[in-house]
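Here is what each chain is made of, one letter per residue.
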Amino acid sequence: MNAGASQSRTSGLAFGERRLAFWLILPALVLTIGLIFVPLVTTIVYSFYDANLARLNRADFILFEHYQSFLRDAAFWNSIARTSYFTFVSVGIELVLGIAIALLIEQKRKLFGWRFLRVAILIPWAVPTIVTGAMWRWIYAADYGALNGLLLQLGVIDRYVPWLVDPMRAMNLVILADVWHSVPFVVLLISAALVSLPEDLYEAAGIDGASGWQRFIHITLPLLRPAILVVLVIRSVEAFRVFDLIYIMTRGGPVNGTMVISYLTYQKTFSDLKVGEGSALSFLVSAFTLFLAFVYVRLLYSKND
Amino acid sequence: MKLRLIIALVLAFMLFGSTISAQDQVVLNVLAMDQAGMTPEDMGEIADRFEAANPGVQVELQFVLYDGLYDTIVTSVSSNPPAFDIILVDDIWYAAFADAGWVLDVSDRITPEMRDGIFEAAWDITTVNEVVYGLPFLLDQKYFYYNTTLLAEAGFDAPPRTWEQVADMSRAIQANGVEYPMIWSWAQVEAVIPDFVTLLYGNGGRFLDEDNMPAFNDATGVATLQWMVDQVNEGLINPASITSAEEDVRNVFSAGNAAFAINWLYMYNLAQDPTESQVAGEIGISLMPVFESALEAGIESSTNNGSMGFAVTAGSQKQDAAWNFLSYLTSEEIQIEFSALQLPTWETAFDDPALLEANPVTVPMFAEQFPWSHVRPKVPYYPEASRILQLAIQEALTGARSPQEALDDAAAQIIEVAQDYQ
Numbered sequence: 001m002n003a004g005a006s007q008s009r010t011s012g013l014a015f016g017e018r019r020l021a022f023w024l025i026l027p028a029l030v031l032t033i034g035l036i037f038v039p040l041v042t043t044i045v046y047s048f049y050d051a052n053l054a055r056l057n058r059a060d061f062i063l064f065e066h067y068q069s070f071l072r073d074a075a076f077w078n079s080i081a082r083t084s085y086f087t088f089v090s091v092g093i094e095l096v097l098g099i100a101i102a103l104l105i106e107q108k109r110k111l112f113g114w115r116f117l118r119v120a121i122l123i124p125w126a127v128p129t130i131v132t133g134a135m136w137r138w139i140y141a142a143d144y145g146a147l148n149g150l151l152l153q154l155g156v157i158d159r160y161v162p163w164l165v166d167p168m169r170a171m172n173l174v175i176l177a178d179v180w181h182s183v184p185f186v187v188l189l190i191s192a193a194l195v196s197l198p199e200d201l202y203e204a205a206g207i208d209g210a211s212g213w214q215r216f217i218h219i220t221l222p223l224l225r226p227a228i229l230v231v232l233v234i235r236s237v238e239a240f241r242v243f244d245l246i247y248i249m250t251r252g253g254p255v256n257g258t259m260v261i262s263y264l265t266y267q268k269t270f271s272d273l274k275v276g277e278g279s280a281l282s283f284l285v286s287a288f289t290l291f292l293a294f295v296y297v298r299l300l301y302s303k304n305d
Numbered sequence: 001m002k003l004r005l006i007i008a009l010v011l012a013f014m015l016f017g018s019t020i021s022a023q024d025q026v027v028l029n030v031l032a033m034d035q036a037g038m039t040p041e042d043m044g045e046i047a048d049r050f051e052a053a054n055p056g057v058q059v060e061l062q063f064v065l066y067d068g069l070y071d072t073i074v075t076s077v078s079s080n081p082p083a084f085d086i087i088l089v090d091d092i093w094y095a096a097f098a099d100a101g102w103v104l105d106v107s108d109r110i111t112p113e114m115r116d117g118i119f120e121a122a123w124d125i126t127t128v129n130e131v132v133y134g135l136p137f138l139l140d141q142k143y144f145y146y147n148t149t150l151l152a153e154a155g156f157d158a159p160p161r162t163w164e165q166v167a168d169m170s171r172a173i174q175a176n177g178v179e180y181p182m183i184w185s186w187a188q189v190e191a192v193i194p195d196f197v198t199l200l201y202g203n204g205g206r207f208l209d210e211d212n213m214p215a216f217n218d219a220t221g222v223a224t225l226q227w228m229v230d231q232v233n234e235g236l237i238n239p240a241s242i243t244s245a246e247e248d249v250r251n252v253f254s255a256g257n258a259a260f261a262i263n264w265l266y267m268y269n270l271a272q273d274p275t276e277s278q279v280a281g282e283i284g285i286s287l288m289p290v291f292e293s294a295l296e297a298g299i300e301s302s303t304n305n306g307s308m309g310f311a312v313t314a315g316s317q318k319q320d321a322a323w324n325f326l327s328y329l330t331s332e333e334i335q336i337e338f339s340a341l342q343l344p345t346w347e348t349a350f351d352d353p354a355l356l357e358a359n360p361v362t363v364p365m366f367a368e369q370f371p372w373s374h375v376r377p378k379v380p381y382y383p384e385a386s387r388i389l390q391l392a393i394q395e396a397l398t399g400a401r402s403p404q405e406a407l408d409d410a411a412a413q414i415i416e417v418a419q420d421y422q
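Sequence lines, in order, name chains E and L.
Under the working numbering, the first sequence has 267 at position 267, and the numbering climbs by one with no breaks.
Under the working numbering, the second sequence has 379 at position 379, and the numbering climbs by one with no breaks.
Hints may be right or wrong, so weigh each one.
Examples of chain L residues lying across from chain E (beta carbon under 8 Å, computed) [as the list claims (entries may be wrong)]:
hint, residue
1, Val189
2, Val252
3, Pro383
4, Arg387
5, Leu391
These aren't lab readings, by the way, just hints derived from the structure by calculation.
Beta carbons: idealized from backbone N, C-alpha and C, even for Gly.
Use the sequences and the hints to build the structure in full.
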């Protein structure tokens with residue numbers, strides 16, 4: 001390739017380069033289609049069949065029958081209700097705690113050890129969810145768990161309590177584990193937003209005699225709205241699809257008390273091998289998460305503008 | 001031009017390179033388990049010896065935990081050819097895998113020595129409708145464990161023979177200061193079913209009838225579940241049993257917090273190991289109790305068979321080499337040599353004095369218990385049926401429903417599932 005090449009030769013080269021570019025992009029294109037598009041379409045197709053992984057050649061085409069039967073199924077709605085409870089309670093607590101901790105950290109910038117605190121608060125988030133689940137399972141263990149040990153020494157309880165035996169309590173304790181794991185993520189996003197808030201608004205409010213609480217309600221919170229929206233969408237979608245914590249800590253038990261929708265989908269697909277039902281469930285879960293995201297966006301933007 | 005040539009060469013190498021280099025070698029991909037039984041080191045040693053004796057064959061071992069074994073098989077076996085030539089299959093999965101056509105019919109490959117030498121009950125594990133789909137490998141069953149110190153302190157010098165005695169002794173042991181004398185694996189996982197089967201058959205009941213329809217909800221089944229509920233309500237059973245699997249049972253028992261427990265064979269060596277247990281040297285193991293009425297009827301014991309066998313995948317292109325390796329792995333000599341953590345599948349091996357010398361407690365116990373071992377149902381829809389029953393047992397244990405109601409509903413649901421498989 002020298003600089004004195006003729007016009008036609010350059011365009012010829014460009015054409016050749018374009019062809020080369022196509023061939024270079026091709027592997028990535030094939031991967032993208034193969035890894036995203038094909039499985040997605042296959043899943044939709046499977047959801048229309050009465051397909052069993054062990055008997056794929058004997059699958060009947062039933063169109064929407066899986067969807068219809070799930071929408072009429074009490075077990076499905078119970079699972080959706082449990083998942084919604086998990087989502088709203090855990091995300092709610094995470095948001096309140098996350099904002100409070102972020103405000104605290106940003107307020108005390110000059111305090112000794114502030115940098116250490118800011119890093120330390122992130123540690124739970126860096127712990128893989130599977131490890132988090134295993135750790136909390138040990139903490140809650142009835143006969144050798146740290147929680148029983150601590151409460152007994154403090155005199156709060158007088159005998160060991162089997163924490164995970166009650167379905168509702170098991171759900172709340174899984175939520176606690178999720179909160180421990182995810183609050184740092186909320187803190188991170190909210191602190192980033194806090195740093196960029198304009199100082200002059202606070203100065204003006206100070207001159208007008210606004211209290212700390214008023215400043216928080218009328219300045220900080222409205223300005224944090226976009227960040228809160230991002231946190232809500234990301235965390236709600238994640239929480240709605242919670243799987244690993246349940247898999248490690250409770251396996252959906254006791255008495256289906258923690259049978260969230262993702263774990264139900266997993267059982268249908270990989271335990272019962274009913275890929276048709278499993279695929280239909282996956283799409284129903286996607287529909288619910290999309291709906292959640294849609295509602296949040298509407299709620300948070302309509303008030304502002 | 002040069003660039004394109006290089007790219008073409010690289011792509012060609014990526015596509016065909018691996019095939020070229022592997023052409024002269026038969027590679028056997030084996031999916032095994034790293035939990036209970038032989039360790040990966042043992043298996044590796046056996047594979048090395050096989051490779052040395054069979055030039056040109058290479059054995060690639062891959063290990064997963066029991067909990068991941070089923071998922072790994074079902075997600076890898078449908079590809080063509082399958083990712084594994086040899087898979088370890090739990091006895092409760094054989095019917096489903098045979099129905100799916102995933103495992104090879106090896107009935108014609110079994111030699112008369114294998115047929116006669118390996119336990120008859122071991123063949124039940126890998127046989128579905130009289131067709132043999134694999135070679136028995138890990139023979140296991142639930143054993144009755146007790147803490148000799150806690151029993152002696154309460155004035156007992158012999159283990160109980162009936163569940164009624166277990167309850168009576170538990171009351172005495174509880175009065176002696178042990179908060180919960182019994183621990184069971186009754187969580188909403190597969191672990192609860194072997195315990196239920198043990199009690200059910202020990203009460204003269206059965207899981208399915210001759211037509212493979214649920215029989216666990218008859219009067220005996222309901223009475224069995226009622227007994228379980230009663231022990232929990234009386235406080236003789238650790239309430240954490242409702243969230244416990246086998247490892248939780250081992251932890252509680254090894255901490256000296258329970259007088260009675262039932263578990264697989266592996267707990268014996270671990271509970272006797274001072275680095276793993278606070279009650280090493282205080283472990284008793286005896287014939288599994290039954291209910292009084294059953295004992296009077298001649299049922300001396302009852303337990304659940306939880307064995308596994310290796311199968312060759314139906315789609316494997318190296319079936320002969322795979323079979324040769326399996327024959328070697330499950331041969332009598334190898335099974336005797338590596339008997340520390342799993343007992344041989346060969347009945348003839350138990351005549352060998354070396355085996356008894358190496359395992360003075362577990363070998364006689366195995367021989368005594370094994371005739372009373374019951375397999376869980378061999379139906380292709382077992383995993384789903386199991387989940388339905390797990391939930392029913394949990395509902396009864398937590399008082400959400402009566403045993404009769406819970407079991408009747410489970411039976412109805414299982415009949416519905418079975419109809420899909422007609």
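- Task: Please flag the earlier hints that this structure goes against, numbers listed from lowest up.
- Result: none
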